[in-house]
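Peer 1: Given next are the chains, with one letter for each unit.
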Amino acid sequence: MNARLDPRTKLYMILIVSAVVMMSATTPLLWVVRIAMTMIPLILLVAEKRYASALRFTILYAIALVLTFCFLSEESTGIVQSLLIGYCGIAVQFLPALITAWYVVRTTKIDEFMSAMQRMHVPDGIAISLAVVMRFFPTIKEEYASITDAMKMRGIAFGGGRPSKMVEYRMIPLLFSCVNIGDELSAAAITRGLGGKVKRTSVEELRLHAFDWLLVLVFTAAAGIFVVFKYVL
Amino acid sequence: MSENFIKIEHVHFKYKGSEKGLLDDMSLTIPKGEVLLLTGASGSGKTTIIRLINGLIPHYYQGDMKGSVSVAGYDIVKTELYELAGVVGTVFQNPRSQFFSVDTDGEIVFGPENIGMDAGKIKARKKDIVSEMHIEKLMGRSLFELSGGEKQSIACASVAALLPEIILLDEPSSNLDQGAIGSLREVIRRWKEQGKTIIISEHRLWYLKDLVDHVIYMENGKIRHEWSGSEFASMDDEKVRSLQMRPLSVSDIMSPDFAGKENDIQIQEIQDGIVLKDFYFSYNKKPYLIRKKKFQENDEGLSLCILKLTLPKNAVIGVIGHNGTGKTTFLKCVCGLEKDCCGIIETDGKEYKGKERLKICYLVMQDVNHQLFTDSVEAEVLLSMEKEDKERCDQILSSLGILEFKEKHPMALSGGQKQRVAIASAIAADAKLMLFDEPTSGLDFCHMEKVSGLLKSLAAANNTVLVATHDPELIELCCDYVLCIENGRVGYLRKLKGDIKCF
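So the sequence lines, in the order shown, correspond to chains A and B.
Here the first sequence stands for residues 1 to 233, numbered as in the numbering used here.
Here the second sequence stands for residues 234 to 736, numbered as in the numbering used here.
Simulated from the structure, these hints should not be mistaken for laboratory data.
Partner residues aside, some chain A positions facing chain B, computed with beta carbon under 10 Å:
#1 Lys152
#2 Tyr169
#3 Leu185
#4 Arg192
#5 Val203
To spell it out: a stretch of chain B is covered by chain A in this simulated footprint if at least three of its residues, at any positions, have a beta carbon under 8 Å from a beta carbon of chain A; those stretches are:
#6 309-323
#7 328-334
#8 346-360
On a predicted model such as this, the values are computed, not experimentally measured, just so you know.
We put the CB at the ideal spot given by N, CA and C, even for glycine.
Take these sequences, add in the hints, and give me the full structure.
Peer 2: This is the structure in structure tokens:
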């Protein structure tokens, strides 16, 4: 089966999951729905052969769930418990959105994304800016790694004794190089015709397959269940 | 029309915010099908000419411009940039910042998509370009995992995909090794055969010698000398040197036959050296859950594998090898930046393990912008000292000739000056083993000579300098030894003839 999803489906997934994580699950049924929704992007990550991140997310989420249900309750007291409640609360609540976003950013080609945006009649200005943001994630990661290396070498990875400097030392070179790269990147893109008046075409043929519709259905149903059980009944 | 395909007439140009004009009454006509080489020192206006022809000046980089530029019948000042996309193509210097996509296929079709070409046509064109440039094996990969040479191939292919009549290359070989330069040269030759007009701005001259029809030497925004291709190819070394150009032919100093095997140095020969032991490293980490696995000598897929290596002290050692063969990995492992590599450095009877290696080593990175953190040059140097000692800081700065910039922000300095600030902090940190990653990529000959002088003086001041480079010129200028890395293993360590130093 072709596991490649249409970028529009992916965006819809992000939308629904983000909405659902803002509503807390209170009954066992809602918990089941929520966990099922988290499983979907995890399975999709595995389908895209991203085993390491899938495993990491699964473990993180599983630990948070087990801790929440088995060891923590409203009567928990003590420092350890309260720290754990903090961690588990955040992880259980927001990890689904994080996993989905991670899956989308990691598996969507910029080209696909641009043509999906075009199909949805998003203005070029917004589509290009979002595409540049996606293009920039790996670059920021690379730059950040080099800067961390340089800081380690200077022995100032933790601000050289002054924690207030920690952020400054990291951010200043990062901003400088990102601004430079962004500038060169736009120049290069413009010389290759980006931003022209001509309607952009795309070699990626986007079609919503059966699998896309299935996922859209599942996610809509999940959102529906949440809304109905929490606010209507 | 064919006589003056590109016409630049009496152009004066000054970038916004800068005081000095960059181009001064520049006039130039380029006939169709010509291969033109622009050379000259950094800041002489080569890149400005490239930007005039592709329209980035005046549409993207703003400034005061007088005069007129016409390219293939378009008046640049009145033409929108996207209209030029199918006419002029540009390959930029830095492969890192000219890609819009994150995958190779997307990058090649990016240009044709922008000009609204039909999807079927784009696919056919992509297929043509890929087979023409022999890059089938690069398709379907992430751009971030390619080597410098492979990235530049993709950049050339993605420019060619728009079938421009005019192709501009702005210092395209800066980050390439000799092999990759060879393939770049093939690409340029093919374009020349197809009758494209090609303009190259470049410091490295040897690979273009037989390709160019016309050479322009620039100085301070003016054309200082002009030669035809054949005049240029037969120019004598003395003249080349007097014009501060990089040599037209390079010695085979990088080849394994140079200086002969008899000059190879065996480990036992060096008595009082810096010993590197047990450096193993791999990028393909095995997934682990609880404990990290240490790399072993006989692990598979090691990117670095050095059992024992003795480096001569107080010398400049050139580290050579192809793109992606492990030179940078070697440097990073030696100075302890790769945590998973647990080699030992032995010097003066002391052993340095793990993080201690960072204390005696200092790596000056290829992009020095990454290692400047503070708001003044002085603070930058003081940050590296265990105890702040302003007098010593002044001494170091003046020995490097940057004392006058003490109060300035490091980011406001030029590239060469930034490099010196980084070296100053290395000296301040009392590093005995100084590592340089490609310090001269993209530098003109004059600056290269300065860097080589600097490296020599560091070695004379009892430091051991390891310099990873693709520039045979630099090795010739300053290296006492060459260390060849092949697939992460030591190929050989060899003394260079004729330049034997007394210790």
